[in-house]
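The listed protein sequences derive, respectively, from chains A and Y. For what it's worth, our numbering labels the leading residue of the first sequence as 1, then goes sequentially. For what it's worth, our numbering labels the leading residue of the second sequence as 1, then goes sequentially.
Just so you know, the hints here were simulated from the structure itself, not pulled from any lab data. These figures come from a predicted structure and were not determined experimentally. Even glycine gets a Cβ: it sits at the ideal position worked out from N, Cα and C. Be aware that a few hints might be false.
Claimed, not checked - Below 27 Å or equal to it, Euclidean Cα-Cα: the simulated DSSO-like pairs (lysine-lysine) are:
hint, chain 1, residue 1, chain 2, residue 2
1, A, K174, A, K32
2, Y, K193, A, K62
3, A, K232, Y, K193
As the list claims (entries may be wrong) - In silico negatives: residues of chain Y with every beta carbon more than 12 Å from chain A:
hint, residue
4, Y68
5, I165
6, V184
7, P192
8, L194
9, S218
10, A266
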Amino acid sequence: MSEAQTPHLAITDLNAWYGESHVLHGITLDVKPGELVTLIGRNGAGKTTTLRSIMGMLKNRKGSVRCLGQETIGLRTYQIARLGLGFCPEDRGIFASLDVQENLMLPPVLKPGGMSEDELFAIFPNLKTRFNSPGTKLSGGEQQMLAIARILRTGASLLLLDEPTEGLAPVIVKQIGRLIGQLKARGFTIILVEQNIQIASQWADRHFVLESGRVVDQVEGGDLTAHMPRLKTYLGV
Amino acid sequence: MDIFGVSPQLLLGQLLLGLINGSFYAMLSLGLAVIFGLMNVVNFAHGAQYMLGAFVAWLLLTMFGVPYWGALVIAPVVIALFGMALERFLLRRLQNEDHLFGLLATYAVALIVEGLVLHGYGSSGLPYTNPIPGGVMLGFMFLPYYRLWVVAISLVLCLGTWLLIERTKLGSYLRAANERSELVEAFGINVPKLVTLTYGFGVGLAALGGVLAAPIYSVSPSMGTNMIVVVFAVVVIGGMGSIAGAIVSGYALGLAEGLTKVFYPAGANMTIFALMILALMIWPSGLFSKAQ
Chain A
1 MSEAQTPHLA
11 ITDLNAWYGE
21 SHVLHGITLD
31 VKPGELVTLI
41 GRNGAGKTTT
51 LRSIMGMLKN
61 RKGSVRCLGQ
71 ETIGLRTYQI
81 ARLGLGFCPE
91 DRGIFASLDV
101 QENLMLPPVL
111 KPGGMSEDEL
121 FAIFPNLKTR
131 FNSPGTKLSG
141 GEQQMLAIAR
151 ILRTGASLLL
161 LDEPTEGLAP
171 VIVKQIGRLI
181 GQLKARGFTI
191 ILVEQNIQIA
201 SQWADRHFVL
211 ESGRVVDQVE
221 GGDLTAHMPR
231 LKTYLGV
Chain Y
1 MDIFGVSPQL
11 LLGQLLLGLI
21 NGSFYAMLSL
31 GLAVIFGLMN
41 VVNFAHGAQY
51 MLGAFVAWLL
61 LTMFGVPYWG
71 ALVIAPVVIA
81 LFGMALERFL
91 LRRLQNEDHL
101 FGLLATYAVA
111 LIVEGLVLHG
121 YGSSGLPYTN
131 PIPGGVMLGF
141 MFLPYYRLWV
151 VAISLVLCLG
161 TWLLIERTKL
171 GSYLRAANER
181 SELVEAFGIN
191 VPKLVTLTYG
201 FGVGLAALGG
211 VLAAPIYSVS
221 PSMGTNMIVV
231 VFAVVVIGGM
241 GSIAGAIVSG
251 YALGLAEGLT
261 KVFYPAGANM
271 TIFALMILAL
281 MIWPSGLFSK
291 AQ
């Protein structure tokens, strides 16, 4: 395997538990540099849990999770993040006691090569005008933009985006879809959890289908229409 | 000229005493609020740590001849290190348990520490010489310089801590971690270290309060117990974990206590608790709570 093809993320037989309950049952998947993969599946299939396990936010996990070439199974969450991971949680995780600027600047720079403030304001012009408002006073769409913008500053190269379009107006969903395309074009490696099949299929190289904490199928992203009936059975739509 | 049948001398004098007591309440409840905000630990050892500050200052003076000004720096650092060890080896193990475990563990630590000091040095107060003797006649009362110093340094510490938390980058980490520490850690911030340092800071603040108290109140094993009960009432009134709430209600309750001493001396000791019950009935999560 050449250097360039070493996966940015390689998960092998990952098992994880919330307290007593066994939630991930031997997840195996890999993501190559610059690739965009989605995790799809019904509610409760283990998509969010998989992202949280990658970050080490589930303390009880077994198996192997190699991020950017390093085994992380024994590391703490902050040590994993420092390898160059950016996490955008499902509920956006905007802090109410921090203003927009503080929210944006909160994640420390992990690696060189992150976007500058000017670049971010070019992509997210709204954030600049709301700089001193409390973070949670923004609209849902603006909060989502802020949640993504703050991890682009840090130099993270592997982004974990958990349902970035959930609960947003169609026009904002389109904007976020375009943004994800831009991020892919810039070379970010992205794992996207997405219920919106339109967004999920637009840019993805591969889809991993999860069910009950297992990867039950893998679908190539390219020719979506051919796979649509199959995907739809998994999603139950 | 009397004010509501009370001489201005008495009124202003008691208000000033209230302000001094309030300075201690504010400093101690501030430390408790900082600790509770980040760790969700009700630090019942806070009174013992305050007492240890005074006690270490006394030891430094009598055993090693270290004067007050040296003790003011050394004692809080020593007690803060003790606190950080306590966090690292005891409280961290309890962080995923119910809040009650942290409360019980710190209460046990308080009892052990007080028991050891009691066993070694007895219950009668140990004297500590006033490092700034003298004072100034204000017309209505004699104000000892030392008490002026206590009020001043307490104000500086409270304001400084507030600025640190509300206006700095480090403070933004703290505020964010108060809300969701696991997400802050997922951004690459070493939250375990932040927790240890925060506990150390809160404990150091309590110990500094103890050193400041040594020349005013006598240094005794029970000095913390008496103080901590009042300080918990202050924290409840201000809102658990609220920094501004802890500071403002600390001073306000000191003054309220002073006023009661003028108008209804018999009720002075229960004023704060009566106010606490009232506050709990009207604003159950505290005057300054953001949770509402």
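How the hints compare with the structure:
1. Using a Cα cut-off of 27 Å, the hinted pair A/K174 and A/K32 holds, with the two alpha carbons roughly 26 Å apart.
2. Taking the CA atoms of Y/K193 and A/K62, the gap is about 25 Å. The hint holds against a cut of 27 Å.
3. Restraint check for A/K232 and Y/K193: the C-alpha separation of about 46 Å exceeds 27 Å, so the hint is violated.
4. Against chain A, the non-interface label of Y/Y68 holds: every CB pair exceeds 12 Å, the least being about 38 Å.
5. With a least CB separation of 10 Å from chain A, Y/I165 falls inside the 12 Å interface cut-off, contrary to its annotation.
6. Listed as a non-interface residue, Y/V184 fails to keep its Cβ farther than 12 Å from every Cβ of chain A; the least gap is roughly 7 Å.
7. Distance check for Y/P192 against chain A: the nearest CB is about 7 Å away, which does not clear 12 Å, and the non-interface claim fails.
8. Annotated as non-interface, Y/L194 brings its C-beta within 12 Å of a C-beta of chain A; the closest such distance is 10 Å.
9. A cut-off of 12 Å between C-beta atoms confirms that Y/S218 is not in contact with chain A; the least separation is 41 Å.
10. For Y/A266, the requirement that its beta carbon stay farther than 12 Å from each beta carbon of chain A is met, with the minimum near 42 Å.
Violated hints, listed in ascending order, are 3, 5, 6, 7, 8; each of the other numbered hints is respected by the structure.
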